[in-house]
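**Student:** Chain by chain, the residues:
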Amino acid sequence: MTAALFVGAGCSDFGDINVNPNASTVPSTSALLTNALTALGGSTAGGANFSAGLYTQYFSETQYTDNSLYSNQDVDWAGEMAGSIYDLQNIININSDPETAELAALNGSNNDQIAIARILKAYRMSILTDRYGDMPYFEALQGNTQPVFDSQEDIYEDIFNELDEAVSQFDMVGKVKGDILFDGDIEQWQKFANSFRLILALRVSEVNPTLGAAQFNDALNSPGGVIEDNSENVEITYPGGAFKNPWFAIGADQGVSETVADFLNANNDQRKFAFGNAAGSTLIGVPYGLTREDAIAWTAANSGWSLILNNAYRGEASTLFILTAADVMLARSEAAYLGWTSEDYVQLYEDAIAASWEQWGVFDGAAYGNYIADADIALAGGGAAADYGKIATQRWLTFYPNGPQGWSEWRRTGFPVLIPTPEAVNTTGEIPVRFPFPSVEYSYNKTNIDAAVARMGADTDATNLWWDVD
Amino acid sequence: MKRILLLCLTAVFALVNTELWAQERTVSGKVTSSEDGQPLPGVNVVLKGTTSGSVTDADGIYRLNVPSEGGTLVFTFIGLKSQEVEIGSRTSIDVNMESDATQLSEVVVTALGIQREVKTLPYAAQTVTSEKLNMTRANNVNEALAGKVAGIQVRGQSGAALGRNATVRIRGAGSLTDKEPLYVVDGTPVTNSQDFNPDDIETMNVLKGPAATALYGQRGDAGVIVITTKKGTKGKGMGITVNNNLFFDKIYVLPQYQNDYAGGASADLIEFNWQDGMPTEWQALDGKFYHDYTDDASWGPRMVGQDYIPWYAWAPGTKYSGKTTPLVGQPDNVRDFYETGINRTTNVSFSQANDAATLRLSFTNQDQSGIMPNTSMDKNTLALVTSINLSKVVTVGANVNFVNTVLNGEFDDQYSNQSTGSFNQWFHRNLDMKIMKELQYLKSPEGRLVSWNHFNPNYYVGDSDNDGILNGDKFYRGYYWYNHFAYFNLIDYETNRSRLFGDINIQFNIAKGLKAAAFYRKNQNSIFFENKRPSILPYSFYTENRPTSQPQWDFYGTGQSFFKEDNIEFMLTYNTRTMDDKLSIDLLGGGNLRMENTKTVNMNTVDGLVVPDLFTISNSRSPNFGYSNARFDKEVRSIYGKATLGYNETFFLDATVRNDWSSALPENSNSYLYPSVGLSFLFSELTESTLPVLSYGKVRAGWAQVGSDTDPYVTGLTYGVGANQWNGNIVMGTPNLLPDPNIQPSLSSSFEAGLDLKFVENKFGLSATYFDETKTKEILAVGVSGTSGFTQKLINAAELHRSGIELQLDASPVVTTDFRWDLTLNWSKYDAEVISLAPGVEAIPAGLGGNTFGIGVTYMVAGERWGQLRGVSIKKIGGQPVLNADGMFVPTDDPVDHGSVLPDFTGGFINTISYKDFTLAFNIDFQQGGKFYSQSDQWGTFSGLTERTAGVNDLGNPIRDAVADGGGVHVVGVADDNNDGVSEGAVDMYVPAQDYWHQFYLSSIADEHIYDLSYVKLREVSFGYRIPVQKLGSIGKVLTDASFSLVGRNLWLMSSNVEDFDPSEIMSGFGENGQFPSVRSYGFNLKLSF
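Residue numbers (the numbering used here), protein chains in the order written: chain C, 1 to 470; chain D, 10001 to 11090.
Do not rely on the hints blindly, as some may be mistaken.
[Stated by the list, open to error] To be clear about the criterion: a stretch of chain C counts as covered by chain D if any three or more of its residues have a C-beta under 8 Å from a C-beta of chain D, and this derived list gives those stretches: (1) 77-88; (2) 107-118; (3) 136-144; (4) 437-448.
[What the hints assert, rightly or not] Not the full set, but computed from the structure, chain C residues with beta-carbon under 8 Å of chain D: (5) G184; (6) Q188; (7) G241; (8) G280; (9) L307.
Read the hints as simulated data drawn from the structure, not as lab findings. Idealized CB from N, CA, C, for every residue including glycine.
Please construct the entire structure, taking both the sequences and the accompanying hints into account.
**Tutor:** Listed below in structure tokens is the structure:
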């Protein structure tokens, strides 16, 4: 009947109806790179990274203090993995696939794009593994919905390799488009990769000093060198508007922690004028780890306590530091102290502090002179035992307000000595040294997560990471 | 495709011209009903032994050519006794027809608008008539269905959210997503139920399973609700009906609040000490006491009528300034916030019919003001139904429905919304709402609105957080909350929606039994919205220059969206009878072309407005204002056929087949075919003499398959360009949905069997149905581990199974001239199980929403009942809770499943009792089993708002007293500090109330806030009086019918296992999300016909 009329009509052919008019099937690798870089600042500020800053007592909560009290936090990595980290993987894929590489090369040489993506991916993955420990790595980012969890040791080994290889991969011809971080300056990318490798090399100092020393020296002597001057810092100046400095959104429910403020005030550290809004010459911090009731009572009874960062650094178009000359010099100081290099660790330490003050725009020659001469600050030299804690404490300070790096340094070195809140609500009452795996993973990837937990230890905030040797 | 349809139509026109046979003389007459003498349209008049026949028109008139020698005319009509009349030499034959109690007269409109006698149906189809539907004229048809159909679950919505609809689940849930049924109005698919005007509905027929919906194909896989609207009829009088009703809406179920403790986090009143720098007016308050205003919980001082300084006493210029007041609980402060909603509906309809045409024109205005301040809805509906007989052969018709809705107000019932999000989550139990309303526009000397949630006075001096704004300026602003009245009255959120749906059609009576029809159907919806947030609001919030989230800015947003679905449909039907009329054959073939198109454009300001209160996009403070646009197209082509064979009015065989081609599927697998077959056996035809008490008896069984596709553009990755550029660099992100280029159509197969019995001249009836359905290869975007590089994946794997029983009992125990009692009981029970998901996937979030805090979330779990509420529980050893050294519950390591969100059974009970001109009708519906998670309960207990956070312990002391003083919550359990599952002895102690009630959120324990969905509800009551117009003399000549009724809806939650919420109105798939309270309505209805 009528059916016959329809069948002959080529019913299966719909032409372009199912072609999405809102989006392109061909991604622009430069737009993917820009997108990935817009998320870079968040790796220091938001969500779990902010909590890391709480755990390391950079900040205090003034209203809802649950996170300061170590309440259970279920932090999914999906936003990072499936978001900008996959964009980086996608840049690598597109530039590697012969079918798409040619078109992608319009945005810069394939090798340069791949190398940049590898560096950024290594940086971002290191933050994740330092948050959770073992996690999917080698099988991740491939559309495989149940990737195996890799040991943190293996992940670190590969991150070292990635940073090493990427530095040598650059063609250094033309300019990579969409690079809003360094505007295509390849040498800057090399310095970023080498400098961050120094930081990660020290991170394994307790668990595998041999590996750490080797990686440290290799990175220090790698092509392009490391960041040695504030003009070479990895920093992002936000345009404001749609892309704001992430610290702009951190409101008055959080303040500078008394732990940080007291240290800065006690030694007249000029960074008190940058890390917050010092009232007069004193930076008033908020006591760490109060209950909600106590926090409200305290903020009501105390005037002039400081928000996080000075107004100059918390504007929507302010500059945000990712990795600076001071961070690198202090890493070199620590490595020299450990005997990994033969550099002068005291000199590096003092230079680093000067660089840090300059970086924050608070350098004052007289104050600096007094500061480094102060018994609390000055190094004895000659490998004195007390020097290690001072270096570590400065490393913790120069990373401020970068929660993940500060928390990792504290977890590894134990400096500064932090006292857990007496109001802790977690089982151990101790400062968390890890985030539990995202709970959805137990539904999505149970077999592999169970295997990882069996290997690492309980999936709690008290299980030490591989490199976190007590 | 369109061209092909035109070709088809041309072919049909050609057929129309077929010459009909000549006859020699004409006989005519009128057929009337023996009951009331009214003319009977549509009666079949056939010359016996021939195929020659006619049908009576709207006036009951027929005209037929007959041989000169005469013959016998056979008059038949469903539900009436057939008559045979010898023509003889007469030219005019009038016939009176009697009803036939033994023959079931019920006709239902089934798939594709096909009218069928119920006895021929091999599946369950339950019809709700206009009278039952409009017992109280509910605002939306879904709500009106509650309790009236076996096998549905009506999930009500609070009447506080104007224009929001109840949703219907048919036979539980058959998909991984919570699909709504397809609504088909006079043959036109309309994907949203919110625009059906109950006044215009004649019947609603609920087609439940694939056997009934096979002809709708994929769109019917969650069931189909076929709505038939009223048509023009010839009746007494002028055909004008006016229906007027007026409802009053009052707040109904609210949580049980505690009324013993005031706001704040501090258990003691705080003494105020005036200092230099504070306003001099405040000196009057020196030495007086206040409670903590800034903390928005109610863990404050015990209220015993002691003097305290209320929030408004600090602001100068009112009669309350500088004065204290007694601190007492305000048990009704939440109730006092809500106003009485008024809902007026007026419907006028005109109906007429004659030989040439039928017409019904209906206009409805609904004017509603909500129970929340500054909320309203104005809805106008125009419906035109007409058909014109151009000749004996050709009829054209049109159905046009136009609905315009203007909705005002913010109905954002989520966590921390500005009404329930405060009252049930963060609030002070000592707030006097009458004063809150009186002082809603109270401003500080700096021009800020004064909030009840302002700072504590010792904050006033200086700039404590050192942000450059003096504390004095920030003092009066809301820390978290505005004055609730100010907020609602100041915002201006309007949505204007216009929907047009209906069809134009042409039908041909080509030859006896052979008909053709073509339809052009349209359903389109245009929405325009504007959201204006005045500048005074952000200026009155303390984080003015440091927004922690976007909505705290002043704001203007606007947008438009357009959706349309066109269907071109073509159908040929052929009916005949052979073998001495014993074998009836009904054949149908047709095709459909569906074209869907969506377009949206949205814009909004970012980071506030430059010129205060100038609501234009160009006034955006950030030059990067927000914008988006999108469009979607989809096309589905279908052909289908159906055959029904009947033997001796006793056996019926039904078979359908349909093939769809969907543009959303990959080209190599976009065609899918599925059949259905059904049998019914009317055994009462054989037992008529031996078992006369059985007036109707039928068994039926059917098997069907339905295929389904997916959304457009999901077969490959596509990259959109982000709305904003970074210094000239565009951004693109990889999509989070991992597509499957090899996706295939999904398929559900179902079996259904049933028994229908009627006894004692149809006074008692029983209908029972068993169904069993399996869905395979379900297509769904499921959540996957983010480590894959994606957050969702399109899968084609899940298998679901559901089965259940539906029962419908009808009885008319008393039927006399003056008194009549009818009742119907509907009941159904169903299991819906997720057999498997994708390989290796044990569970996926159900996509039914989850509370923002992730404590109770609905998952689809392989091997479990559909929709498991999953959340961390309290660890137990031997049934005893494990307690730590502080007496706090130890949570389980992993989340556990707390049960399904689907009820075990649902049903309803409808009663209609009439005595003379009075009618009392009521409808009770019920539901048993099923769980929901309450976010309001989570925060209401955390914040010390609800009743159980106060009260006394078993020592007779207030639980909020210090443990040392005999207070605290008594906890009993066991210790397991080694965490090895072995009890280390009993724990029996008292813990501070605040710690006790904080622990559930802090440890993410879900148990405490999971409740039961069971309820019994008196849903509707109507008490009506039919005014005997005939006795009214001259008025009675104009007025043909008049009735007045008192009506009530949602009157009484008769039974429920939860006191704080109405389980019949749980909004989200997982449960309660800070939703609005339920509303009780009562009013009256006046209906006049002229």
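**Student:** Let me know if the C-beta of G280 of chain C comes in closer than 8 Å to any C-beta of chain D, holds or violated.
**Tutor:** Constraint on G280 of chain C not satisfied, violated at 10 Å.
**Student:** Check whether three or more residues of the segment 107-118 of chain C sit with their beta carbon closer than 8 Å to a beta carbon of chain D.
**Tutor:** violated (count 0)
**Student:** Taking a Cβ-to-Cβ distance below 8 Å as contact, does the segment 437-448 of chain C have at least three residues touching chain D?
**Tutor:** holds (count 10)
**Student:** For the restraint on G184 of chain C, tell me whether the closest CB of chain D is nearer than 8 Å.
**Tutor:** 12 Å, violated
**Student:** Is the interface hint satisfied for L307 of chain C? The criterion is a beta-carbon contact with chain D at less than 8 Å.
**Tutor:** 6 Å, holds
**Student:** Are there at least three residues in the segment 77-88 of chain C whose beta carbon sits under 8 Å from a beta carbon of chain D?
**Tutor:** Our answer is that it holds, as 11 residues pass the Cβ test (under 8 Å) against chain D, meeting three.
**Student:** The segment 136-144 of chain C covered by chain D? Criterion: 3 or more residues, Cβ-Cβ distance below 8 Å.
**Tutor:** holds (count 6)
**Student:** Go through the hint on Q188 of chain C and say holds or violated, using the shortest Cβ distance to chain D against 8 Å.
**Tutor:** For Q188 of chain C, the interface hint is violated, since the closest Cβ of chain D sits about 17 Å away, which is over 8 Å.
**Student:** Double-check G241 of chain C for me: the hint is only fine if its C-beta lies closer than 8 Å to a C-beta in chain D.
**Tutor:** For G241 of chain C, the interface hint holds, since the closest Cβ of chain D sits about 4 Å away, which is under 8 Å.
Comparing the model with each earlier hint shows violations of hints 2, 5, 6 and 8; every other hint is respected.
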